[in-house]
Each structure stands twice: as C-alpha cells, then as structure tokens.
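**Q** Sequence:
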Amino acid sequence: MNVTNESLEIFSKVLNDSAKWLNSINQPMWKCEDITSEQLLKKYRIEDMKLCYENGKLIGVYVLQWYDPLFWESLQKNGSGILHKLAVCREYANKGYGSKLIQSAELMCKERNVKWLRLNCGTFRDRLRKFYESNGFKMVDRVFIDNRDQIRYEKFLTL
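The numbering used here applies: residue 13 is where the sequence shown begins, and numbers increase by one.
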C-alpha cells in the first residue's frame with residue numbers, strides 16, 4: 013500500500029525502530045535524523061514509499077523506485093525496480109517477513125512489466141547480504157558511492 017501524507021509518520025517510525033535496534037546491536041545503518049518524514053520526502057517520492065500489511069497488521073516498509081541516479085545512474089528510467097529502506101516491524105523480525113516484503117516489490121515490478129529488481133547493500137553487512145542472496149539476488153559489483161562501500165545486487169524477474 014502506498015504511503016500517504018497521513019501515513020508518512022508510520023513509515024518513518026518503522027524505519028526509526030529498525031535504526032534503533034541496529035544501533036543496539038552495533039550495526040548502525042540509518043541515522044534517525046535522516047529518516048524523519050521531512051528528510052524522507054527530500055530524497056524519495058511519497059508514492060515510492062510502501063507500507064506492507066498481512067491480515068490487517070503492518071509487517072514492514074520499503075521504498076521502491078523506478079530510477080535511482082545515485083546508485084544506478086546508467087540504467088534507464090522505469091527499466092528496473094530499485095529497492096531501498098527495507099525494514100520489517102520489530103515484532104515480526106526473523107519470521108520470514110523480509111522475504112515477503114521482497115516478494116511484494118517483485119510483484120509490483122511484474123505488474124509494470126519490469127524484469128529487474130535491484131538494490132545496494134553495505135559491503136561489510138554479511139547477514140544482510142546473505143539474506144538478499146538467499147532471496148535470489150546476485151552480486152553485480154562493488155562500488156564506492158556517497159562515501160559508502162557498497163555491493164550492488166540484481167535479481168531477474170520472470171514475468
């Protein structure tokens with residue numbers, strides 16, 4: 013479900029909860045000041061922000077862009093879905109919901125006849141990289157963008 017002005021705070025809260033948890037296990041990813049509603053709107057279109065529900069309960073959030081000039085500048089607009097800010101609500105962590113969020117993004121790509129889902133991940137985030145690889149993503153390359161050492165991943169989607 014697309015985020016609206018009314019639900020933007022909920023989206024931001026899920027990211028903040030994840031950021032605080034990641035900080036607590038010494039795996040910081042997002043700075044809380046960068047994932048406020050205001051900052052998110054500076055970086056992403058509201059229609060690219062997604063809330064994911066199962067049986068009426070919010071299970072997680074993500075951003076699905078159709079162009080990313082920072083990490084995937086060479087790609088055509090609307091030629092790929094690009095996944096960012098994937099976060100599972102803490103009460104649903106480690107229960108397979110991360111894979112369900114990816115499947116949801118894949119479905120949105122297929123509905124648009126988009127054959128690729130792409131993302132980037134910190135090079136040294138071994139658990140997260142294994143998670144993406146276990147969900148069918150293949151490493152494209154290692155890049156240093158925006159002062160971050162990143163691995164770019166892609167997954168071919170059969171339509």
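If you're looking for bench data, these hints aren't it; they were derived computationally from the structure. Idealized CB from N, CA, C, for every residue including glycine. Do not take every clue at face value.
As the list claims (entries may be wrong) - Cβ-Cβ distance ranges computed for the label pairs, FRET-style: (1) D158 - C44: 28 to 38 Å; (2) Q51 - R102: 16 to 26 Å; (3) D153 - E21: 33 to 43 Å; (4) E66 - T16: 29 to 39 Å; (5) K127 - T48: 32 to 42 Å.
Claimed, not checked - Once the Cα atoms are required to be at most 25 Å apart in a straight line, the calculated SDA-like pairs of lysine to any residue come out as: (6) K32 - K89; (7) K150 - V126; (8) K54 - K89; (9) K43 - V126; (10) K55 - N106; (11) K107 - F143.
**Q** Hint by hint, say whether it matches the structure.
**A** Tested hints:
no.	hint	verdict
1	D158 - C44: 28 to 38 Å	violated, 18 Å
2	Q51 - R102: 16 to 26 Å	holds, 21 Å
3	D153 - E21: 33 to 43 Å	holds, 36 Å
4	E66 - T16: 29 to 39 Å	violated, 19 Å
5	K127 - T48: 32 to 42 Å	holds, 34 Å
6	K32 - K89	violated, 33 Å
7	K150 - V126	holds, 17 Å
8	K54 - K89	holds, 19 Å
9	K43 - V126	violated, 31 Å
10	K55 - N106	violated, 29 Å
11	K107 - F143	holds, 13 Å
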